[in-house]
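Asker: Chains as they are written, first to last, in full-length UniProt numbering: chain A, 1 to 208; chain B, 1 to 208; chain C, 1 to 208.
Calculated from the structure, these hints are not laboratory results.
Some clues are possibly wrong.
The list treats identical chains as interchangeable, and a pair is accepted whether it falls inside one copy or across any two copies.
Computed list of lysine to aspartate or glutamate pairs in EDC-like fashion (alpha-carbon distance at most 20 Å, straight line) [claimed, not checked]:
1. Lys27 with Asp205
2. Lys90 with Asp9
3. Lys27 with Glu170
4. Lys27 with Asp142
5. Lys27 with Glu150
6. Lys90 with Glu150
7. Lys149 with Glu89
8. Lys27 with Glu89
9. Lys90 with Asp205
10. Lys149 with Asp9
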Amino acid sequence: MVSLFYLCDLFGVAVFAITGALMAGRKAMDLFGVLVVALVTALGGGTLRDVILGLHPVSWIRDDTYIAVVVFATLGTVLWVRLTRPIPEKALLIADAFGLAVFTVIGTEVTLRQQVPLSTAVIMGVMTGVAGGVIRDIICNDIPLIFHKEIYATPCILGSLTYLGLNRLELAPELVTGTAMLVVLLIRLAAIRWHFALPRMQLLDRNR
Amino acid sequence: MVSLFYLCDLFGVAVFAITGALMAGRKAMDLFGVLVVALVTALGGGTLRDVILGLHPVSWIRDDTYIAVVVFATLGTVLWVRLTRPIPEKALLIADAFGLAVFTVIGTEVTLRQQVPLSTAVIMGVMTGVAGGVIRDIICNDIPLIFHKEIYATPCILGSLTYLGLNRLELAPELVTGTAMLVVLLIRLAAIRWHFALPRMQLLDRNR
Amino acid sequence: MVSLFYLCDLFGVAVFAITGALMAGRKAMDLFGVLVVALVTALGGGTLRDVILGLHPVSWIRDDTYIAVVVFATLGTVLWVRLTRPIPEKALLIADAFGLAVFTVIGTEVTLRQQVPLSTAVIMGVMTGVAGGVIRDIICNDIPLIFHKEIYATPCILGSLTYLGLNRLELAPELVTGTAMLVVLLIRLAAIRWHFALPRMQLLDRNR
Numbered sequence: 001m002v003s004l005f006y007l008c009d010l011f012g013v014a015v016f017a018i019t020g021a022l023m024a025g026r027k028a029m030d031l032f033g034v035l036v037v038a039l040v041t042a043l044g045g046g047t048l049r050d051v052i053l054g055l056h057p058v059s060w061i062r063d064d065t066y067i068a069v070v071v072f073a074t075l076g077t078v079l080w081v082r083l084t085r086p087i088p089e090k091a092l093l094i095a096d097a098f099g100l101a102v103f104t105v106i107g108t109e110v111t112l113r114q115q116v117p118l119s120t121a122v123i124m125g126v127m128t129g130v131a132g133g134v135i136r137d138i139i140c141n142d143i144p145l146i147f148h149k150e151i152y153a154t155p156c157i158l159g160s161l162t163y164l165g166l167n168r169l170e171l172a173p174e175l176v177t178g179t180a181m182l183v184v185l186l187i188r189l190a191a192i193r194w195h196f197a198l199p200r201m202q203l204l205d206r207n208r
Numbered sequence: 001m002v003s004l005f006y007l008c009d010l011f012g013v014a015v016f017a018i019t020g021a022l023m024a025g026r027k028a029m030d031l032f033g034v035l036v037v038a039l040v041t042a043l044g045g046g047t048l049r050d051v052i053l054g055l056h057p058v059s060w061i062r063d064d065t066y067i068a069v070v071v072f073a074t075l076g077t078v079l080w081v082r083l084t085r086p087i088p089e090k091a092l093l094i095a096d097a098f099g100l101a102v103f104t105v106i107g108t109e110v111t112l113r114q115q116v117p118l119s120t121a122v123i124m125g126v127m128t129g130v131a132g133g134v135i136r137d138i139i140c141n142d143i144p145l146i147f148h149k150e151i152y153a154t155p156c157i158l159g160s161l162t163y164l165g166l167n168r169l170e171l172a173p174e175l176v177t178g179t180a181m182l183v184v185l186l187i188r189l190a191a192i193r194w195h196f197a198l199p200r201m202q203l204l205d206r207n208r
Numbered sequence: 001m002v003s004l005f006y007l008c009d010l011f012g013v014a015v016f017a018i019t020g021a022l023m024a025g026r027k028a029m030d031l032f033g034v035l036v037v038a039l040v041t042a043l044g045g046g047t048l049r050d051v052i053l054g055l056h057p058v059s060w061i062r063d064d065t066y067i068a069v070v071v072f073a074t075l076g077t078v079l080w081v082r083l084t085r086p087i088p089e090k091a092l093l094i095a096d097a098f099g100l101a102v103f104t105v106i107g108t109e110v111t112l113r114q115q116v117p118l119s120t121a122v123i124m125g126v127m128t129g130v131a132g133g134v135i136r137d138i139i140c141n142d143i144p145l146i147f148h149k150e151i152y153a154t155p156c157i158l159g160s161l162t163y164l165g166l167n168r169l170e171l172a173p174e175l176v177t178g179t180a181m182l183v184v185l186l187i188r189l190a191a192i193r194w195h196f197a198l199p200r201m202q203l204l205d206r207n208r
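One chain only, chain A, in its complex shape:
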């Protein structure tokens, strides 16, 4: 199980690194700039989670597999584009959805192990999933995906709750983790495909 958890974590790191590289590439950064953005995107959410939970050392500090995965994913993305052609914009959204699914559930799981209230686990799960991408979008001076019309935080909340619910039923951990990830992924992909949106709020009156 540790091993499956670890592989999932590395998979999330890889896909978020790809989204970071693509976003930095959209801004026409050079190779090392692309690498910096990929690193921040891929490792930002987990770092924030571990720092807030007081888990030291942060996962990638002692285990350089994480950095290696980011470097290879970034170089792979750059080479792929150089050898073929620019990746369509939608690929970034889809990779982001995979990373969101993996990191939200892993974040929920890691937090839950610290014997905290369930609401903390949900918040930290959503934060782990969302933070890397938000930092990426702010650094790249883009409108964060969390602002776009399609639901973004909602699939994470539902996936995190799914994890907590199935976890209570004492099912096999692989099943719990996998189902919760699928919930996030499918709802988010459906939201992208069919433009699911919740009603928008207009809470401030700019005319007064």
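Once you have looked at the hints, place chains B and C on chain A.
Answerer: Chains B and C in isolation, oriented as in the chain A frame:
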């Protein structure tokens, strides 16, 4: 005293959550997006303070009252607007001033307990007061209030110094805390009302 | 050696404080706003490094020399401009290059002491050098220098690798540190002077 401190902290969390919700609502985010911004705004300053001071676990991790207060404040704001009408823009500024007052003084107080130099207590106090709002404004892609014409960091510095001064006099702690909060609040509200501003600096020559 | 290390650290703090003050001055902030930006720029990179490495307390928390250096550097910058004239834009770039050189090498050095993989030391070194400036530019709503045409992350990576390489050779620590700082500084200054740039990536196809 612990209890009064705790209530003040929760009050600061509630008003900052309201400002986060209002700001996210200005950007016409959906309900969960509004909730995410409210959480970051309300808990960001205190989290940064505790992480920098090495205080683990961060206050809201084990005590879900904090998250509950944010959720209720956010839902209350959303419902209020839905049932009545959009809140005038100035309400955000006033709620922000209350949060600023409470968090600056609490931040000074918590830091001082760590036996650090007084200047550290002032810096950490100002940071605790200011950080949540700055993160809110950056995420919402708005010009941070700290940039607006009216003084913003100044009331925090004065309030933090007031706390340190009165604390030396060994007055009742409630009196020290309350007076310092009032100093921040009144100066900031006066600054909003009468557009207090310090002279602006122009330190870079853009023409050379 | 500790003493030289400490002096270098304070020098980096001072020059980054100056860049923060200049950038805040470009935005015509008032004195205390300028001070806040100077503090965040000067102490941000080292704080992030220490928090991620789990080093408590963060360096400037117990030793108020750091805050004093920031305050004096900021006041000095403001007074200089008031008594003479606005500083040419290029001065900010040059001060930033000095800070980058010092903080990248110090960040590499501090991280290496934690017995971590070499790749972690490089990443943390670059992050320590780059983070304060990125936060400064984001707060001031400016395009981060890391985005400009001239190479920015590249000199840091080369300087950090130089440190690791010379460190292996067991040369005198002052020589290792000094040479690595010079590598970052000279490459970055040359990049500013002659507009060195790596090829830009265009990884996303916006038309599909």
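Asker: Could you work out which earlier hints the structure fails to respect and list their numbers in ascending sequence?
Answerer: Failing hints, ascending: 2, 3 and 10.
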